[in-house]
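Visitor: This is what each chain is made of:
Number of protein chains: 2
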Amino acid sequence: MHDLIESVFIKHFSNNILDNQNDAAIIPSASADIAFTTDSFVIDPLFFPGGNIGKLAVCGTVNDLAVSGAEPLYLSVSFIIEEGFRIDELEKIAESIASEAQKAGVSIVTGDTKVVNRGKCDKLFINTSGIGSIRKENLHISKAINIIPGDIIIINGMIGDHGMAVMNARESFNFNMPLESDCTSLNHLISAILNRSPVKFMRDPTRGGVAAVLNELSGKTGIGIEIDEPALPVSKSVKAICEILGLDPLHVANEGKVLIVASEDCAKDILEVMKNYEYGKDCAIIGRVVSDHPGRVVLRNNTGGGRILDTLSGDQLPRIC
Amino acid sequence: MHDLIESVFIKHFSNNILDNQNDAAIIPSASADIAFTTDSFVIDPLFFPGGNIGKLAVCGTVNDLAVSGAEPLYLSVSFIIEEGFRIDELEKIAESIASEAQKAGVSIVTGDTKVVNRGKCDKLFINTSGIGSIRKENLHISKAINIIPGDIIIINGMIGDHGMAVMNARESFNFNMPLESDCTSLNHLISAILNRSPVKFMRDPTRGGVAAVLNELSGKTGIGIEIDEPALPVSKSVKAICEILGLDPLHVANEGKVLIVASEDCAKDILEVMKNYEYGKDCAIIGRVVSDHPGRVVLRNNTGGGRILDTLSGDQLPRIC
Numbered sequence: 001m002h003d004l005i006e007s008v009f010i011k012h013f014s015n016n017i018l019d020n021q022n023d024a025a026i027i028p029s030a031s032a033d034i035a036f037t038t039d040s041f042v043i044d045p046l047f048f049p050g051g052n053i054g055k056l057a058v059c060g061t062v063n064d065l066a067v068s069g070a071e072p073l074y075l076s077v078s079f080i081i082e083e084g085f086r087i088d089e090l091e092k093i094a095e096s097i098a099s100e101a102q103k104a105g106v107s108i109v110t111g112d113t114k115v116v117n118r119g120k121c122d123k124l125f126i127n128t129s130g131i132g133s134i135r136k137e138n139l140h141i142s143k144a145i146n147i148i149p150g151d152i153i154i155i156n157g158m159i160g161d162h163g164m165a166v167m168n169a170r171e172s173f174n175f176n177m178p179l180e181s182d183c184t185s186l187n188h189l190i191s192a193i194l195n196r197s198p199v200k201f202m203r204d205p206t207r208g209g210v211a212a213v214l215n216e217l218s219g220k221t222g223i224g225i226e227i228d229e230p231a232l233p234v235s236k237s238v239k240a241i242c243e244i245l246g247l248d249p250l251h252v253a254n255e256g257k258v259l260i261v262a263s264e265d266c267a268k269d270i271l272e273v274m275k276n277y278e279y280g281k282d283c284a285i286i287g288r289v290v291s292d293h294p295g296r297v298v299l300r301n302n303t304g305g306g307r308i309l310d311t312l313s314g315d316q317l318p319r320i321c
Numbered sequence: 001m002h003d004l005i006e007s008v009f010i011k012h013f014s015n016n017i018l019d020n021q022n023d024a025a026i027i028p029s030a031s032a033d034i035a036f037t038t039d040s041f042v043i044d045p046l047f048f049p050g051g052n053i054g055k056l057a058v059c060g061t062v063n064d065l066a067v068s069g070a071e072p073l074y075l076s077v078s079f080i081i082e083e084g085f086r087i088d089e090l091e092k093i094a095e096s097i098a099s100e101a102q103k104a105g106v107s108i109v110t111g112d113t114k115v116v117n118r119g120k121c122d123k124l125f126i127n128t129s130g131i132g133s134i135r136k137e138n139l140h141i142s143k144a145i146n147i148i149p150g151d152i153i154i155i156n157g158m159i160g161d162h163g164m165a166v167m168n169a170r171e172s173f174n175f176n177m178p179l180e181s182d183c184t185s186l187n188h189l190i191s192a193i194l195n196r197s198p199v200k201f202m203r204d205p206t207r208g209g210v211a212a213v214l215n216e217l218s219g220k221t222g223i224g225i226e227i228d229e230p231a232l233p234v235s236k237s238v239k240a241i242c243e244i245l246g247l248d249p250l251h252v253a254n255e256g257k258v259l260i261v262a263s264e265d266c267a268k269d270i271l272e273v274m275k276n277y278e279y280g281k282d283c284a285i286i287g288r289v290v291s292d293h294p295g296r297v298v299l300r301n302n303t304g305g306g307r308i309l310d311t312l313s314g315d316q317l318p319r320i321c
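Protein chains in written order, with this note's numbering: chain A, 1 to 321; chain B, 1 to 321.
Misleading hints may appear alongside valid ones.
Every beta carbon over 10 Å from chain B, so not counted as near; a handful from chain A, in silico [to be verified]:
| # | residue |
| --- | --- |
| 1 | I131 |
| 2 | R135 |
| 3 | G305 |
Straight-line distance between alpha carbons at most 25 Å, and here's what the computed BS3-like set of lysine-lysine pairs gives [said to hold, decoys possible]:
| # | chain 1 | residue 1 | chain 2 | residue 2 |
| --- | --- | --- | --- | --- |
| 4 | B | K123 | A | K11 |
| 5 | B | K11 | A | K123 |
| 6 | A | K268 | A | K200 |
| 7 | B | K11 | A | K92 |
| 8 | B | K103 | A | K11 |
| 9 | B | K123 | A | K123 |
| 10 | A | K120 | B | K103 |
| 11 | B | K120 | B | K103 |
| 12 | B | K92 | A | K11 |
| 13 | B | K143 | A | K123 |
| 14 | A | K92 | A | K11 |
| 15 | B | K120 | A | K92 |
| 16 | A | K120 | B | K268 |
| 17 | A | K103 | A | K220 |
| 18 | B | K11 | A | K103 |
| 19 | B | K92 | A | K120 |
| 20 | B | K11 | B | K143 |
| 21 | B | K143 | B | K220 |
For the record, the hints were derived by calculation from the structure and aren't laboratory data.
The beta-carbon is built from N, C-alpha and C at its ideal position, and this holds for glycine as well.
Here chain A stands alone, though its shape is the one from the complex (with noise of 0.2 Å):
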């Protein structure tokens, strides 16, 4: 269903800004460009190990625009409230969003609110949007392009903790593992990381994953990727539930996670840029460009082994973001 809504709106809605379809539009302005997105939240359940719905709305959307090259400054909150839901949750969740974006840097400066009757929505929906400045230097990286043969792909830290810390709180599997979602606003992160380092692309790993990202980037651009296996960052927790449940780690949405590809002479910089920060210590290179199987995600294992890694047709995990 998700791709046939997704042609319908393409098809209705193309304009030049628009087709380039990333996290966030760049509109381009006389003085510095303008970063602008948007993204509707309907997480279940509300309240998670490591954030809740607020937080995320606002991680989410402060990571849009950041691996877009942008810095975030304005967002918008608009909730969608459904009647009865409590007011000491909704306190909780207010304080997170504002704590967040206190964190971020970001001022929520306009908001709506909607409250429609009992079993008319599922507790609550927040959409965030956003709006950063995009210097001339970055507007390159949500474009994907220079990317060559030899360039690596690295990644801030441990994958899958979002997707698998929100299914084990509501499917209450009860798994006696620490599992708690990397929600975190990552701008200061990639700001540190643009101050010292040339990018060729960045790209946060939400909704479908590493494997989407990847496979979103071959696609896009033709090149070869090879993902090393074994230089996977995943948690003991996630293999485990993933290998029960029968899941892959890298189809699996994180939110405080980005990927990066750069020239290998970067990478040095690049990854004492992240040890620097809490939420980068566990970083990797991952796997690089290459010249074979063009247009393809390929996954090495241990042994040389090689597999395709595609994006999964469906959406694996419902109602994760």
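Based on the hints, put chain B in the right spot on chain A.
Guide: This is chain B only, laid out in the frame that chain A set:
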């Protein structure tokens, strides 16, 4: 509940820009200032005489920008869709969005789609956020300053059409009267007015109707307002249905109306501009600012008698936008 919720958000999100509590946030910038606004639409039914949720979502956000004195430029559109929603209906809604955006001269530059399980939302909700540019000379408009006794209050046409058309469609009253929403983008009209005449304040009387806007204005500024009841443009159908249902058209939502406060000597110019537009032809001077009863809105009837016009405490008509 609505007031309670608002107070939670104001408490947690307070900052200089948000605290102005206008329909659009004004963000200072080196060149032209930026206006930024957001609205979620939960209207029921999705299709109504004169429009649908898609057209409404564009008009609502375009108008929020326009009444703040900004030129609307870019929109985001975000959908929350109930699983199983009919694709042909989604097509119609997407078509309306595209067509209204084109009429208004705005580009849809970014979007998002979430699908939730059956029963977890009521068919379809849409969030539109918008960015406009605002010239320095129009910055005062949303601030409502310099309003003095003698200033006049103008509206561009009939009131209450949107609310009554939606209610009639929803409740299947089957009143045999022509009832159509006034849903339209007002930015071209407003821009023509601003090019011709100074304006002291503008606002679109949506949820809560004309009464809500006037009360907010008088409450915020401390001015007294007198409305000339016989001068209010109300269609026969709206008048009749309001009488039957015990409603006051002044409390009913509009989606193609703008209330303007201006000096008396600007009235002729403003009315002349309005009359050039299909949706301005029933324009009228409906009242004036007075030195009596500061902070209060008084309705004068045919015989010169007066009564205080309050805002309704609850939502008279839920899910009207």
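Visitor: Against the structure shown, which of the earlier numbered hints fail to hold, in ascending order?
Guide: Hints 1, 10, 11, 13, 14, 16, 17 are the ones this structure does not satisfy, whereas the remaining hints hold.
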